[in-house]
Amino acid sequence: MTRRRLRAVAAAAIALFWPLSAVGQEPYPSRPITLVAPFPPGGVADLTARPVAAALERVLKNPVGVVNKTGAAGAVGMQFVATSKPDGYTLLLALSSISIIPEADKIFGRPPAFTVDQFAPIALVSADPTILVVRAESPWKTAKEFIEDAGKRPGQISYSSSGIYGTLHMAMELLSHAAGVRLRHIPTPGAGPALTAILGGHVDALASGPAVILPHVKSGKLRALAGWGDRRVAALPDVPTFKELGYPDAEFYIWAGVFAPKGTPEPVLARLREAMRGAVADAEFKAAMDKLQTPIAFKQGADFQAFFDADARRLADGVRKVGRVEDKK
Amino acid sequence: MLETLGNLGLGFSVALSPPILLYAFVGCLVGTMVGVLPGVGPLAGISLLLPATFGLDATRAIVMLAGIYYGAMYGGSTTSILMRIPGEAASVMTCIDGYAMARRGRGGAALAIAAVGSYVAGTLSVVGLMFLAPPLAAFALRFGPPEYLALLLLGLLVLAYMSSGSMLKSLAMAAFGLLLGMVGIDQMSGYFRFAYGVVELGDGLGVVPVAVGLFGVAEILATAGQPAPPEVIKPRLRELLPSRREWRESSAPIARGTLLGFLIGILPGSAHVISSFVSYAVEKRLSRRPQEFGHGAVAGVAGPESANNAATSGAMVPMLALGVPSGPIPAVMLAAMMVHGVSPGPLLIQQQPALFWGFIASMYVGNVVLLILNLPLVGLFVNILRVPYPYLYPAILVFSILGVYAVNGSVVDVWIMVAMGILGWLLRKLEFETAPIVLGLVLAPMIELSLRQSLAMSDGHYGIFVQRPIAAALLAVGLTLVLMNLYAFVRRGLDWRSRIAMAERGEDSS
Amino acid sequence: MRAERVSGTALALLAALVLEECWRLRLPLGTLANPGPAYVPAILALALLGAGALIVALGRDTTTLGAAGWREWRHALAIVAGCAFVALALERLGYRLTMALACAFLLGVVERKGPVVTALFAAGLAAGTYFVFDTLLRVPLPRGPFGL
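Going down the list, the sequences are from chains A, B and C.
For the first sequence, this note's numbering begins at 1 and goes up steadily by one.
For the second sequence, this note's numbering begins at 1001 and goes up steadily by one.
For the third sequence, this note's numbering begins at 2001 and goes up steadily by one.
Isolated chain A (complex conformation) (with noise of 0.2 Å):
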């Protein structure tokens, strides 16, 4: 009877401090890793962190699974993963309003959810260029025409919008302070209702990612103006840039990154960048992205970093230009 219940209490120890004892001796990574999109499933951000996740279980042979954290514009998945272990089990796949929300709730004198130096960068994997549609039947053939319509009669073009300080609203706003030009922001609460809104004929302009506007720009239902790319669009190669008209300014992407929480051990962040080099090779992941019509735009490192921080001025700069809607009214 003793002796059973040594073995038991040594037995009980064991189990309680072996995982103890193994903190710090493990390889990374021993379990499985969560990539949180901050996204509701089926969004853009959710639809990159599935093909990437699955990549990188690929490369690590490990288990990735995509968790959704969704709310608040990606706000509480991204804090989800600033205040979580440092231990490279928790990655983010973030948007580019990544660098937004801290500003936006800078000037609402809120305290921030969360700030860009919580994040460790690993790697950038795609970063689409916004396009500028309009109706097909509206007056405007180009750029140029919109662009001086809208100086003629400002605010009284509308364009729609997937939320104020969102990444369409700033896209939009970007081009508004490079051109000079004042237009009408109509929010709507998404992506899709964007779409509806502008093929409905409720709203003159939209600026979208490429993937959702391509069929309706193929089967001649709205009219692609401009690109906020820095070259043009494979899909669309008449339309030009926003850059070679005159308007280096209006830079825009919505660009999707892999981030880990800052505090992360440089081991752990080196395998990680190691992996996703892997991961974007990858065929399958290609194949998954060219199905999305995500053109990869794999940048890591140095290069990640300059990318990321550009970006990141040019929008908070975006958000303090436009403050607060109300203040202005």
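Hints listed in this document are in silico derivations from the structure and should not be mistaken for laboratory results.
Remember, predicted model here, so these are calculated numbers, not experimental data.
One or more hints might be untrue.
What the hints assert, rightly or not - On the chain A side, residues computed to face chain C include the following (Cβ under 10 Å):
| no. | residue |
| --- | --- |
| 1 | THR34 |
| 2 | GLY65 |
| 3 | VAL181 |
| 4 | GLU326 |
Claimed, not checked - What follows is a list of derived Cβ distance ranges for each label pair:
| no. | chain 1 | residue 1 | chain 2 | residue 2 | range |
| --- | --- | --- | --- | --- | --- |
| 5 | C | LEU2058 | A | SER219 | 31 to 41 Å |
| 6 | C | THR2135 | A | PRO248 | 47 to 57 Å |
| 7 | C | TRP2023 | B | PHE1131 | 33 to 43 Å |
| 8 | C | LEU2120 | A | ALA120 | 39 to 49 Å |
| 9 | A | VAL67 | B | ARG1288 | 47 to 57 Å |
Claimed, not checked - Derived list of chain A stretches under chain B, where covered just means 3 residues or more per stretch with a C-beta under 8 Å from a C-beta of chain B:
| no. | stretch |
| --- | --- |
| 10 | 106–116 |
| 11 | 162–172 |
| 12 | 197–207 |
| 13 | 294–300 |
Glycine included, each C-beta is placed from N, C-alpha and C at the ideal position.
Got chain A; can you put chains B and C on it based on the hints?
Chains B and C in isolation, oriented as in the chain A frame:
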């Protein structure tokens, strides 16, 4: 027409092929299991199970997702009727009369009517979808913020019909629900309203935790401590199916619910949630025995359930015809298609006829499968009520918490559910109705957003509401209804008071 | 205390609180042509205030607060406590452990059923639902220490 039928034949040949049929069946089964979870409705069901479909090819994935979608709707009715826990926001109205029927021993009948009504509505609306998709979709797109606002204000009128008790108290609850809907990020200006630093409240109080709390948890809090267990008349086997009278009473509501639900469902946005509320109001208005509503009126189950299902198919119309995601559920389906390389759009029908018609055919098949799954299970489900209450309610609580948590993976939702449970319990004691709160919560953000969007579109001029024909028409209808009601209310009020006076005099003299 | 007076006053107080919060958070009111974030909440709060006042004024002063029947309040409080425990512990102790403990509390302590039945039921329900939803349907449920 012939071409459509030919295409449908193609579709059926795809849908009835054994592997596709298998996936449809699995989807329906899984959807029902998920839908039975309180609070997990079709949207949550599809979102949760979307990843499981990534390994499949496009047609199978879509067919399975459609099965999950329908299954979740059917499963949601089960918990609404048997335990007064709404499967999702749209099932709230079924809770009211369905549960009352279950208490009276007519639970089996209620479940059967819900299943058949859903089947009829689902099938008929798929027919509508097939033939009317393109013109309807074009019409639906013309619904912009002003039209939306007019429609939602009409929806508010529904409140007048939801109360079986004091109208004033119902209005107060509606105002309260509308206020609850104001929590969260204001989408026009970016301000956080009433969120107090809790980031998860940025999207507002979810309808799911509020509905499950107000109805399900409150019911448990009120009943668990009663000295006598809640009396549920256990039905005999014979009495499981609806009587002939009940079938007769449900046929017209099913027809009306189908039409109403389909029309509301095709509109972009989340308007389809109000389809069951509007159907309830219509049925109550047209019924010869309106006082039955709230205490187990058959029409109160048949109408909303059919409207619900029809709205589900209606929501697919803009998605399939134009490739436009008209709401969160079609958006997820669209995403599923995109992941499999199918680019949805106006050309979908031409480019991918097998997928499109296979999908339509599988919707028929899915409805049949669910009817076959659910009707025999009615007996099984009703027997759940026989489990002694002290064992039943912890299980219900576990499922409720699981369901509410699973939707967003957020403990904040569980807290909201608990708080709403306490509130619902208090409100029951004070004789307030809780359904208007849910309606208010759902409508408020949409109404406010549509109003401010419309004003932004028109640069502050209220004339936009009468300049646009559809909006003006809807507002006119609403105004007429209000005037009619006021007139009837005043007249009824006079009648009613004189009747009470006569009764009092009668009592005094006897 | 009359039931209607209590409820009406409570609603009116809530409405007043909302108005005060709008003021404190300095939510801009905007104009009729351009409503700000405080506009619609303020209107609704005023409506609720009016409704509460009317309830107090027009209420049938016949029912007292006690008459509603509050017998089960202790029971209800225990259930609420159980749910609150689940909310607190769900992500810390993991799904299965939390649910098992909560069920055991409800069945064993509140309903006073026997220990064997309680243990079986609690463990079975927790493990069973976890299996169906997390393992089979892949709905992510939180895990706690010891992988529970």
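Hints, verified against the model:
| no. | hint | in the structure |
| --- | --- | --- |
| 1 | THR34 | holds, 9 Å |
| 2 | GLY65 | holds, 7 Å |
| 3 | VAL181 | violated, 21 Å |
| 4 | GLU326 | holds, 4 Å |
| 5 | LEU2058/C <-> SER219/A: 31 to 41 Å | violated, 60 Å |
| 6 | THR2135/C <-> PRO248/A: 47 to 57 Å | holds, 54 Å |
| 7 | TRP2023/C <-> PHE1131/B: 33 to 43 Å | violated, 55 Å |
| 8 | LEU2120/C <-> ALA120/A: 39 to 49 Å | holds, 48 Å |
| 9 | VAL67/A <-> ARG1288/B: 47 to 57 Å | holds, 53 Å |
| 10 | 106–116 | holds (count 4) |
| 11 | 162–172 | holds (count 3) |
| 12 | 197–207 | holds (count 6) |
| 13 | 294–300 | violated (count 0) |
Going down the numbered hints, you'll see the structure goes against 3, 5, 7 and 13, while the others check out.
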